[in-house]
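K.L.:
If you want the building blocks of each chain, they are given just below.
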Amino acid sequence: MKQGYKNNDLLMAEKPINLRALYDRYADELLGYILPIVSNRELAEESIVKIFTNISSLKNTLPENAYTNTRNWLMTLANNEVERLVAAKAGCKSVVDDIAYIQSHKYLNQMSDLQRRVFCGVYHHRKTTAVLADELNLPEQQVRLSLKEAFKVIREVKDEN
Amino acid sequence: MKIKEYVESGVLEAFVLGLTSEAEERELMQLMQQHPELNSALFELEADMERIAQYMAVAPPPDMFARIENSINDLVITPDTEIMRPNEREWQQSKESENKSRYIEVEAESNYMRIHKTWKWVFAAVFILGKIFLACAIYFYLESRQAKQQLQELKTEIKVLKHP
Numbered sequence: 003m004k005q006g007y008k009n010n011d012l013l014m015a016e017k018p019i020n021l022r023a024l025y026d027r028y029a030d031e032l033l034g035y036i037l038p039i040v041s042n043r044e045l046a047e048e049s050i051v052k053i054f055t056n057i058s059s060l061k062n063t064l065p066e067n068a069y070t071n072t073r074n075w076l077m078t079l080a081n082n083e084v085e086r087l088v089a090a091k092a093g094c095k096s097v098v099d100d101i102a103y104i105q106s107h108k109y110l111n112q113m114s115d116l117q118r119r120v121f122c123g124v125y126h127h128r129k130t131t132a133v134l135a136d137e138l139n140l141p142e143q144q145v146r147l148s149l150k151e152a153f154k155v156i157r158e159v160k161d162e163n
Numbered sequence: 009m010k011i012k013e014y015v016e017s018g019v020l021e022a023f024v025l026g027l028t029s030e031a032e033e034r035e036l037m038q039l040m041q042q043h044p045e046l047n048s049a050l051f052e053l054e055a056d057m058e059r060i061a062q063y064m065a066v067a068p069p070p071d072m073f074a075r076i077e078n079s080i081n082d083l084v085i086t087p088d089t090e091i092m093r094p095n096e097r098e099w100q101q102s103k104e105s106e107n108k109s110r111y112i113e114v115e116a117e118s119n120y121m122r123i124h125k126t127w128k129w130v131f132a133a134v135f136i137l138g139k140i141f142l143a144c145a146i147y148f149y150l151e152s153r154q155a156k157q158q159l160q161e162l163k164t165e166i167k168v169l170k171h172p
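Just so you know, the protein sequences line up as chains A and B, in that order.
Counting along the first sequence from 1, when you hit position 147 you're at 149 in our numbering, and nothing is skipped either side.
Counting along the second sequence from 1, when you hit position 77 you're at 85 in our numbering, and nothing is skipped either side.
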């Protein structure tokens, strides 16, 4: 892990990857991340199998740089898989346009349209704020502020509970 | 730049999501040394991310890890696996490791081990030979017992003939 602010619990550069521990800790989160994009349980499960199979063929250690933490590293791998499915025209969609999903989601439901577009863009589709700014035709600073506000909403929903 | 303005700019949120540029990351690392409060801010954001990821989590089916293990066992080097590389450097590392050995590394903490498929024929041959040896042993044991009985009968007959 790069000089991060939080020690990585499962993956460290000097420690071999424990695939089972990684799976137990993050498989459900990854499935929850991929499923709203591909909208096909079987395809999403296949993607998870593929991601962990590919992790096992890495050099058995965490990549030393370029990732903030384990979750981001896995989400980047998951996003690679999603992009592969998009390229294969496997019916992937923009999460923010899935009204039923948004309405069933207490955090996303509380966000404004812009906050939601920004949060789903960066979280589900791993787009940078610069790319989103271009897509939404807004200054990048405004996109970042919306992202910050989206995090505030997440925290407020937590506080309410 | 004042630290409050920096925090308000949304760069910390972008960093937690892994979407900052290298220059921004360097700047943040430097600022973290001067302003330890950034650590706790990032820690809180990480906790927020964890909360939302767990909220969105969907339980995988119970057999999924077995499917992953099967997939690993059947792993063949294909161009598909290369597509998944997270970056060029890791790809180089995995490529080097592939070149060194075409076998999958055995995970140190696993209770299972993987062996070459040709061993299944060796195990099958050992099993069949074992059965053949067992059948032979039973056959010769019965033969030997019968021979002993016949010998005993002959001895008895000889005794009877010697001492009528």
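There could be a bad hint or two in this list.
[To be verified] With the C-beta cut set under 7 Å, the calculated list includes, among others, these residues of chain B facing chain A:
no., residue
1, Gly-18
2, Ala-65
3, Phe-73
4, Ile-76
5, Lys-139
6, Leu-142
No lab work stands behind these hints, which were simulated from the structure alone.
Please read all numbers here as calculations on a predicted model, not as lab measurements.
Here a beta-carbon is modelled for each residue, glycine too, at the ideal position from N, C-alpha and C.
K.L.:
Run the structure past the numbered hints and jot down the numbers of the failing ones, going up.
P.N.:
5, 6
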